[in-house]
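Line by line, the protein sequences are chains H and X. In terms of full-length UniProt numbering, the first sequence opens at residue 1 and continues consecutively. In terms of full-length UniProt numbering, the second sequence opens at residue 1 and continues consecutively.
Just so you know, these hints were derived from the structure itself, not from any lab. If you're wondering where the values come from, they're calculated on a predicted model, not measured in any experiment. All C-beta atoms, glycine included, are put in the ideal place defined by N, C-alpha and C. Mixed in with the good hints, there may be bad ones.
Unchecked claim - Listed next, the in silico SDA-like pairs over lysine to any residue satisfying Cα-Cα at most 20 Å (straight line):
id : chain 1 : residue 1 : chain 2 : residue 2
1  : X       : K451      : H       : T196
2  : X       : K459      : H       : Q250
3  : H       : K260      : X       : A529
4  : H       : K198      : X       : G474
5  : H       : K193      : X       : A529
6  : X       : K459      : H       : W254
7  : X       : K528      : H       : W254
8  : H       : K148      : X       : A463
9  : X       : K451      : H       : R230
10 : X       : K394      : H       : P255
11 : H       : K193      : X       : G474
12 : X       : K459      : H       : C180
13 : X       : K459      : H       : E248
14 : X       : K451      : H       : A197
15 : X       : K418      : X       : N510
16 : X       : K528      : H       : V256
17 : X       : K394      : H       : T257
18 : X       : K451      : H       : Q201
19 : X       : K754      : X       : P821
20 : X       : K459      : H       : R251
21 : X       : K528      : H       : T257
22 : X       : K528      : H       : P255
23 : X       : K459      : H       : P255
Stated by the list, open to error - Short derived list, chain H residues pointing at chain X, Cβ under 7 Å:
id : residue
24 : I183
25 : K185
26 : M203
27 : P253
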Amino acid sequence: MATYLEFIQQNEERDGVRFSWNVWPSSRLEATRMVVPLACLLTPLRERPDLPPVQYEPVLCSRPTCKAVLNPLCQVDYRAKLWACNFCFQRNQFPPAYAGISEVNQPAELMPQFSTIEYIVQRGPQTPLIFLYVVDTCLEEEDLQALKESLQMSLSLLPADALVGLITFGRMIQVHELSCEGISKSYVFRGTKDLTAKQIQDMLGLSRPAVPIQQGRPLQAPEQPVISSRFLQPVHKIDMNLTDLLGELQRDPWPVTQGKRPLRSTGVALSIAVGLLEGTFPNTGARIMLFTGGPPTQGPGMVVGDELKTPIRSWHDIEKDNARFMKKATKHYETLANRTATNGHCIDIYACALDQTGLLEMKCCANLTGGHMVMGDSFNTSLFKQTFQRVFNKGLNGEFRMAFGANLEVKTSRELKIAGAIGPCVSLNVKGPCVSENELGIGGTSQWKICGLDPCTTLAIYFEVVNQHNAPIPQGGRGAVQFVTQYQHSSTQKRIRVTTIARNWADAQSQLQHIEAAFDQEAAAVLMARLGVYRAESEEGPDVLRWLDRQLIRLCQKFGQYNKDDPNSFRLSESFSLYPQFMFHLRRSPFLQPILYAYSFHGPPEPVLLDSSSILPDRILLMDTFFQIVIYLGETIAQWQKAGYQDMPEYENFKHLLQAPLDDAQEILQTRFPMPRYVHTEHGGSQARFLLSKVNPSQTHNNLYAWGQESGAPILTDDVSLQVFMDHLKKLAVSSAA
Amino acid sequence: MLQLLHIPNPSQEWEAFLQVLDHLILHFIMGIMETLTPHMQHLSLVFQSPPPPNNTGPSYPPSSLHSQPASPHTASTSCTTQLANQLNSMQINSYGPSAIQSSHTSSGHPASFQGPQPLPLTQHQMALPPGPQIPPPANNFSGLCAQSSLPNMARQDGIPGSGLPNPNLQQLPGQTPGPGYHPQQGNYGPQMAGSQLSYPGAFPGGPAQLSGPPQKRLDPDSIPSPIQVIENDKSSRGGQIYATNTRGQVPPLVTTDCLIQDQGHASPRYIRCTTYCFPSTSDMAKQARIPLAAVIQPFATVPQNETPLYVVNHGEAGPIRCNRCKAYMCPFMQFIEGGRRYQCGFCNCINDVPPFFFQHLDHIGRRVDHYERPELSLGSYEYVATLDYCRNNKPPNPPAYIFMIDVSYRNINSGLVKLICDELKTLLDKLPREEQEESSAIRVGFVTYNKVLHFFNVKSNLAQPQMMVVSDVGEVFVPLLDGFLVNFQESRSVVNNLLDQIPEMFADTNESETIFAPVIQAGMEALKAAECAGKLFIFHSSLPTAEAPGKLRNRDDKKLLNTDKEKTLFQPQVNSYESLARDCVANGCCVNLFLFPNQYVDIASLGLVTMHTGGTLYKYNNFQLNSDSPQFLTDLRRDIEKKTGFDAIMRVRTSTGFRATDFFGAIYMNNTTDVEMAAVDCDKAVTVEFKHDDKLNEDSGALIQCAVLYTSISGQRRLRIHNIGLNCSTQLADVYKTCETDALINFFAKSAFKAILSQPLKAVREILVSQTAHMLACYRKNCASPSAVSQLILPDAMKVLPVYVNCLLKSSVLTGRPEIPTDERAYHRQLVMSMGVADTQLFFYPQLLPIHNLDLKSDAVPAAVRCSEERLSEGGAFILANGLSMFLWLGVSTPPELIQGLFNVPSFAHISTEATLLPDLANTYSKKIKSIVEHIQNQKPYTMKLMIVKQREQPEMLFRQFLVEDKSIHGGASYVDFLCCVHKEICQLLN
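All chains, full assembly: derive it from the sequences and hints.
Laid out in structure tokens, this is it:
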């Protein structure tokens, strides 16, 4: 058998699934002692260029409470044309179309390599994708110009039949009517007054035509949605108009007096965007794309007042519950996000400003609807421009890498129940036999809605083993999980992707080493990180940290090898070896562990420890934190560069050395979404902070003994270094008192 | 018995009342029979009749009239003699001296009566016995009011001329004889100038002079004629120079054209008073009950040949004002101590003269620079205001005009929207500007609306206009700042583009609901945001029923008429309009409303903001593009071009002893002294009532200073000052002598129209009648020499007061009849509230011009005739105008050549009454009559649509309502009847 690493990788590639444990503890009690819950990271739409979708409906288990999809794990009686559901053991007749099946003539869904399969189904009318731009005009001229250009450019990237709409806002909100000849027309709303969806539709004159249709043919009305309203028009029809309209867009004309922030009505603008789509295109794939250049300063959802003398809430204000508008604003955006999710639309937020923009309050809009959230310094940066462009990237088969309105349903075999999910989704509140009462993340349901998703969208799904200790599972028994994702493909087709996986059960007492070996520490770190972040939403920061620490200590106690009260004897097996380090960096930053590469004349580029000791004068470092790509020239390198050695023919190798990290960075920059912030700095440069704040502070001003030219750069911080952290961890893990 | 007249006459008591009336009338007649009035021969008609032909000039020189307490005795005498002779002969002819004994006739036959009765020589009175017996007009001098006859018993409908204040006179049975009475005018000796009407009946001592057969008809010529009064004044003062150099002088009538020279008191074009001599004490004032009021039209248009107002600049310190009362430097300030100080004429405070203003005094104590400084020598002038006088101490921006067009289905369909848009394209070049400026500083903005509001961005650098829809009408706001208000010259192409597009944009509309209050709100907010004052031009057509603030329902209810709730019809339906008006005024937003209703639109509500913001209300019922466009477009053009003061605040200061207590007009009052007007234009007049605080000093007189702080059309902050000095007297006679009936009517109309908001119509009407009677009775008691109670004696200056008051009582506003649309009444009410004296005069007593016997060679407008059917003739053609409507009435036998000349059709039958304009024809008739029409229209605030009315055709009914001396179809009393009524009241008061 291949190694677990290979197994994990294989599974991920085929099914888009990574479990924290790949061999499952067979009883509830044992499972809880594993510390890291049984959970998986699911990438429902993981790109599978090798997977041609089948063009028929899936075959479902006939038991109404089950309805699992026929899959390779099902036992099939080819002669009787029967199949047994592997979740509920119901015996089902094959539908008539399957009359010709046999061992040699199997439908795709029964073939083992099709543990993940995608169906194209015909359901309802196909509505074009909708893109609603919500544009802040309280921007600096340069920023606005850049944004306008990006938006104009984006029109050419949209699917030709996509509907597009434009809302601009500043002190007021303008909903632009497209396709007006001779005069440009917009509906204007004040930014201080929240409106219900009904009011918005009334005011936009959208409510009237719907009435006669519904009265006349109530059943057909939903099938015949108004294909276009005045505010949402097919891009191929109005791209000239809209290009002009965008071109004429002016900065918010209302004067901003000295000492004031511009009045920015983001809250109402979003509310109107949501209301507009809610009324016209419920349950169709739609993206609301919010571009904002600063915090909302008035109306519902305001984050800070317009007086510049009152600074925007700081971390300390939030800590002390002293952020005046925060609760109200958060509530406003949460309500909006929930409505949006209900309608199956998603909200992207592109916030570009040097100061804060209130993303904290608005984050739920993107989080609950599966939208993107992009933060940058200015719209006039390649960070924004390229990121935005990448929203419209096409996949390997020329399709837009976006999907909408997904409904994810999880089915489990009976030893397992669903505890919850963490990710860009909302609960659909579907209770069922496989739903656990203990919630982890968004629980209490077996179905979630993911309004916007792309091939990278990943959900963490947590399970609970419910099998009792005294009801052993027969040797060789396997637990199964089925993920059924129904979604609107970017081609507007309705599709269903079904992934069915199974894992072995193992008795934790007798076969702990099997379970241990099948631990996926990367997945586990991510799953724990998600839990930690999820907890942080509702709990105090220090409590979450304590919880993380405790979990880590318990894990070490459980799986470490040591002699009691002898920290030096502590060892972790290979499958756990990196986990504490992940946790260390998770505690230090909101993100997981960045990667650090070193470039020098001493050899080829190599990954080095994310540690201050790695910062050496004759090295170029490349750090990738996902959101940032930092190139850092060591002191000597920087001096050489200043001296211009790279331009001298005899030092061409130095030129190449300088170039190598740049090339590598470019490669990352070109594929990563959102495009990372790209920082090029050097020893002593102000932006070196991006590197220094991330590395493990193994040398600080506190441990002076390490001061020395050759041993890396000291970091001025009171944070503990990884070494200290590990020492401490070991001590606690082995402590008999714990 | 006479006291019985006090019985109110609710309709259910008609029967009883009629009996009383019968009785009364009989007694009047008896009185008439008994008292002939030989002294009528001594009547002096100096003050109201035209000078006898042989008179070399006016019976008094205008300059001396007011400088002397009484008219020249000699002149009166000569005049008296002559007229007396005429009267005498007339009386003899008609009645004979033995009329005393003749019994009154049976019902339906007015008993004719009598003549003048002798009075002491010092008192020339015209005695008019009541009763139907009236001498025939043997000697029918045109307008000679000395005629002592009038009962109207013999009218076709047989309605007696009972002096009922009740409008329903035509319901009276015809057999009741009405009382007759004699108009009589007299000159009461050197102190008195007046005419009196007396019922001589209770004056048994008088020799009976009249006798003869009972008359069938009273001769209306025998009662004071407004036309005569007007014509007399025209002939005596018309075309002359009237210099305002004397305190308390009575100006020529509003109907008289003359050249006015400001020599220290404001021109009567700016200020007219009900009396130019105030009673010294409040007791006197209470006794006389003459309203003490001034009608101030601060921005009145002055003819080209009169000097426009000088602008005075006192520099950075601002205008010089009295330290105590804050009155502005004016001719009433008395310089003392060699010019170093001055005493305020209003509060007597002694102020230092600021050094920069110092000037030496001459030998008569007058500043050497007296004639160089308008503020020292003129009644009216302007000051440049400093920043202290500006909102937020910032110089104002030039005002803006916002055009707000109702684009609901009706207006689109009628073609109105297109008409307005097309017209605006040319009109916007004619925005008012300062004389010296090349183009107007006024900025313009555009809004259209139906259920929602559409704002337009017409910034000059735009390729095409931008439309911004505001559908949040519940809380309306202005969606844009930059580009909404633009300079038309700069944004011409965008604006024209917009105006071209608006009719098309809404061509397919089927929106029929409209909003209204949010429209005003939006305009006001726009001005507020732009920090400027301005005018909204709203073109609206229907009851605003869409869900929005200020939503109205049709609450017109004829059942409320003549009940205590009738007043609610004149009150706004919802409160929001009041607060809207307040906000508009606070932001200098004047609302001009052009209404195009097809049915009830609740003008009482819609017009409220217009009313309080100094705006003008125009109404075009059942607007038809073909026939109504000219009228509407002329109104629109005129309104846009009007010279206007914006964001105005007026303060009326008075000298000690009296003060302004009540203000009527298109104004808003936040407190008791500041008259706020979002805008005030040339046609708007504020009527100010004064009350005594204390005794007035005869030497110092009563001084009034009206200061209007405003923003000019170019955005300059200015103060317009009007000063006028009135006399004071301890003699009531002086007060009566200097009364101005036209101003009195203006005051009565406004105060009555205001009162109907809070009081039942009936009470208001009764007050009007009783006050009229009171004023006259007081005169009778205190100024006229003793005479029989039954004599009706009218002061000369008030001799047409009864007819005017009757016209007022007959106005639709004060007539609760279901035939009169409520909106029409509310509309008239609103218009009158802001009218000046000339406008009310014409409105209540329309001009009726015969045009069938024109002197085609002369440029003159023919003399008007009295508004009575009797003045019409089958062979005649007449033009009637009241400032709002104009009629061309054609008798059935109008000469064919006139018809041909006017209409280019062969006969009466061919004339189309559809036309609202006379065709342009190249003949003298047509040209002459068109020029007359133009002349009538000239300087009137509203364009009158010409209606062609043929005698004996249905539309004639409409026309007849304007024959105000006759009984009206809506029940208004005839002039004669009303006179009787007033007389009875007076008699009761005297008893």
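- Among all the numbered hints in the text so far, which are the ones the structure does not match? Those not satisfied: there are none.
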